[in-house]
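*Asks:* All chains, full assembly: derive it from the sequences and hints.
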Amino acid sequence: MQQGTLMRKVKSKSWKKQRYFKLQDDCMTIWYQSKRTGKTESAFSISDVETVREGHQSEVLQSLAEEFPPERCFTIVFYGRRGNLDLIAASAEEAQCWVQGLRQLIELRSFPLTSALVSLTWIRDWFQKADKNKDGRMNFKEVQRLLKMMNVDMNEDHALRLFQAADKSESGTLEGEEFVLFYKALTQREEVLSLFQDFSEDGKKLTLLELVDFLLQEQLEDEGTEDLAMELIDKYEPSETARARHVLSADGFLMYLCSPEGSIFNPRHRALWQDMSQPLCHYFISSSHNTYLIEDQIRGQSSIEGYIRALKRGCRCLEVDCWDGPNGEPMVYHGHTFTSKIPFREVVSTLGKYAFKPSYPIPSWVLKGAGGAGPQQRRVPGGSKSHGGDGHPKVPTSLSPTPQELKHKILLKGKKIGRLEDTLDGPADEAPDVSDDDNGAEAEEERRRAKVGGTQHSSALQKDKESLAQALSDCVVYCKSVSFRGFQEARSHSRPSEISSLAEAKARKLIRDAGNEFVRHNAWQLTRIYPSGMRTDSSNYSPQEMWNVGCQIVALNFQTAGMEMDLCDGLFSQNGRCGYVLKPPFMRDEETLFNPSDPSSREGPGPVTLTIQVISGQQLPKVANSKDGAVIDPLVRVEIHGVPADQARQETKYIENNGFNPRWDETLQFQLHVPELALVRFVVEDYDKTSRNDFIGQFTLAFANIKPGYRHIHLLSKDGNSIPPSSLFVHIRITE
Numbered sequence: 000m001q002q003g004t005l006m007r008k009v010k011s012k013s014w015k016k017q018r019y020f021k022l023q024d025d026c027m028t029i030w031y032q033s034k035r036t037g038k039t040e041s042a043f044s045i046s047d048v049e050t051v052r053e054g055h056q057s058e059v060l061q062s063l064a065e066e067f068p069p070e071r072c073f074t075i076v077f078y079g080r081r082g083n084l085d086l087i088a089a090s091a092e093e094a095q096c097w098v099q100g101l102r103q104l105i106e107l108r109s110f111p112l113t114s115a116l117v118s119l120t121w122i123r124d125w126f127q128k129a130d131k132n133k134d135g136r137m138n139f140k141e142v143q144r145l146l147k148m149m150n151v152d153m154n155e156d157h158a159l160r161l162f163q164a165a166d167k168s169e170s171g172t173l174e175g176e177e178f179v180l181f182y183k184a185l186t187q188r189e190e191v192l193s194l195f196q197d198f199s200e201d202g203k204k205l206t207l208l209e210l211v212d213f214l215l216q217e218q219l220e221d222e223g224t225e226d227l228a229m230e231l232i233d234k235y236e237p238s239e240t241a242r243a244r245h246v247l248s249a250d251g252f253l254m255y256l257c258s259p260e261g262s263i264f265n266p267r268h269r270a271l272w273q274d275m276s277q278p279l280c281h282y283f284i285s286s287s288h289n290t291y292l293i294e295d296q297i298r299g300q301s302s303i304e305g306y307i308r309a310l311k312r313g314c315r316c317l318e319v320d321c322w323d324g325p326n327g328e329p330m331v332y333h334g335h336t337f338t339s340k341i342p343f344r345e346v347v348s349t350l351g352k353y354a355f356k357p358s359y360p361i362p363s364w365v366l367k368g369a370g371g372a373g374p375q376q377r378r379v380p381g382g383s384k385s386h387g388g389d390g391h392p393k394v395p396t397s398l399s400p401t402p403q404e405l406k407h408k409i410l411l412k413g414k415k416i417g418r419l420e421d422t423l424d425g426p427a428d429e430a431p432d433v434s435d436d437d438n439g440a441e442a443e444e445e446r447r448r449a450k451v452g453g454t455q456h457s458s459a460l461q462k463d464k465e466s467l468a469q470a471l472s473d474c475v476v477y478c479k480s481v482s483f484r485g486f487q488e489a490r491s492h493s494r495p496s497e498i499s500s501l502a503e504a505k506a507r508k509l510i511r512d513a514g515n516e517f518v519r520h521n522a523w524q525l526t527r528i529y530p531s532g533m534r535t536d537s538s539n540y541s542p543q544e545m546w547n548v549g550c551q552i553v554a555l556n557f558q559t560a561g562m563e564m565d566l567c568d569g570l571f572s573q574n575g576r577c578g579y580v581l582k583p584p585f586m587r588d589e590e591t592l593f594n595p596s597d598p599s600s601r602e603g604p605g606p607v608t609l610t611i612q613v614i615s616g617q618q619l620p621k622v623a624n625s626k627d628g629a630v631i632d633p634l635v636r637v638e639i640h641g642v643p644a645d646q647a648r649q650e651t652k653y654i655e656n657n658g659f660n661p662r663w664d665e666t667l668q669f670q671l672h673v674p675e676l677a678l679v680r681f682v683v684e685d686y687d688k689t690s691r692n693d694f695i696g697q698f699t700l701a702f703a704n705i706k707p708g709y710r711h712i713h714l715l716s717k718d719g720n721s722i723p724p725s726s727l728f729v730h731i732r733i734t735e
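Following numbering that gives the first Met the number 0, the numbering of the sequence shown begins with 0 at its first residue and continues without gaps.
One or more of the hints may lead you astray.
As the list claims (entries may be wrong) - Taking lysine to any residue pairs in the SDA-like style, the calculated list, with each CA pair at most 25 Å apart, reads:
| hint | residue 1 | residue 2 |
| --- | --- | --- |
| 1 | Lys234 | Lys340 |
| 2 | Lys582 | Leu271 |
| 3 | Lys16 | Ala64 |
| 4 | Lys621 | Ile654 |
| 5 | Lys340 | Ser11 |
| 6 | Lys10 | Glu294 |
| 7 | Lys147 | Lys167 |
| 8 | Lys706 | Glu655 |
| 9 | Lys688 | Asn657 |
Stated by the list, open to error - Taking CB as the label site, the calculated pair distances span:
| hint | residue 1 | residue 2 | range |
| --- | --- | --- | --- |
| 10 | Leu208 | Gly171 | 46 to 54 Å |
| 11 | Ser276 | Ile297 | 40 to 48 Å |
| 12 | Ser276 | Lys352 | 39 to 47 Å |
| 13 | Asp47 | Ser491 | 54 to 62 Å |
Hints listed in this document are in silico derivations from the structure and should not be mistaken for laboratory results. Keep in mind the model is a prediction, meaning the values are calculated, not measured. Yeah, the Cβ is synthetic: ideal placement off N, Cα and C, and Gly gets one too.
*Replies:* Right under this line is the structure:
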């Protein structure tokens, strides 16, 4: 038996162990074992792998760059919080064999689940899990074990009937095609078949005109319906004969409903669909807090992995806190804490590789906190400009540029000596503002200095120049940090090229006391919100209340899963995942009357009613670390997140002992007064009458991206990763 490929598994510069790695026959599982003991240490599934990175693309492999060439090194990146696997192959050829092979398997996995290839892979995977004695057959006892594994507690008599019907050879076991028949009988979707037959005259197929009727009446498709029907038949009908006759079978109908075209998320909004020529302040911008941290705020690990994960998640605004380091090299970490440190040059190199999306090179923001002294500060702008993007782009005539104008740029937010106009028109009359925080003694001192003139003004300017390197100041162009001293003061003295940062508590107070003024302020100037310093565990606040007043840069701890990050991912999953979402028109008007606490202040049409019929679920996952044989009791909760008047939640009853194909057939209804700001979150939980329900899966999207009709909702894990083939089947109606 082939032992597999011998490679070094690396955890640190000094921890390098040789392990045998081998792809199992199912082409889905990889195990590795110790060279010394021969004991299998671990195994992982291809479905757990997010991507494969070549070369020195982790801190560990970078530390070994002088010892091992990049051609022999690669990193396997897993979904969720599982640590990466750094490997060093014996040769560049072996490394390429693994890298290319893994990438091909990942690509096959990403095919639509309804394709024949993935369906067969899925069936084979279940067969191998249940076939305990590995004889290539399954007896009825093994089938019963399989049902428990698949999260269904089926009546034994019914399971036996399905087993006997599939056992064509009458051998008392299932093998090959017999198991496929059993699986198809098990996964038959009665609710979909009933819908199909409602529109099919003969109950066996949908003619082109019958499919057009379905698309018009139920899916509310209103453009090019006949062309769309032809396209769906060509794409999803598995039978060549049926395709030639322009008809859709029941199998093809199910494949369409499970496809992106049958998703609740409007496929047109997946691509870049919004106007990108508005001023920056007219967009919500995906933003992270202390991006370098992947754990807590006090003792957590700093890692370039934090930047990679955030950027791949669509984050456009990142934080880089620079402090003096050894040998004259700036380091990035959370100052005055015990977090680990990473070299600034590694952060810049990572930004150069990941900052721009191929589909739309939208500008990225870097919030630079420079806590070091002048000499090391002067190294920061040089490092910034040496990698992708340009930290100091050419200044356009407008002081409020657009994402379109700033493509391929990295914008630096930070302290600045003077104003942007000083660069164009000479020195300004006002004292420079270099604060990045509206709280504390620094802000108070700044307010005092701002009130005096003459020699005191010159003294303050000199002090700023001494503490802030001019080269670093010059890199800050469109996002000069200024203290927030009130809306009236900002309207009188601030500029569109300036930005204020507010702690979450200060922002909430402004929302309560002056909601409309806050919305108006954000129509022309940028505001950044950051978590309370008390959130040392890297927990998050709800971003929704900040978006309700138009705050653009709402910074969250991306490393912490939960409802708050679900909302963030839900809002920014549209528009090509570019990290910019255009605010509604009434939030881009500097004279708007809108106040989120008074929905009637919104200009536009009246409230809308959202009606959701929760029909069924498919192959819901088990709760992590659940007991063997345990089967979930799933329920569905629908949450509306928006202005206070729209906040609501409703849930279905729970279904006992069926996570495989539960049926609810329950209707939930919501009235939305400001639908433009609403996010809809679908949550599946395992009901527990004695303790808190367990999380199963969720899916969140902006109301504006909902596609009405019969739709599938493909669930995501707590970390925001897909968990195929788990889904909900719903019917959506929107009425005014």
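*Asks:* Any of the earlier hints contradicted here, and which numbers?
*Replies:* 1, 8 and 12
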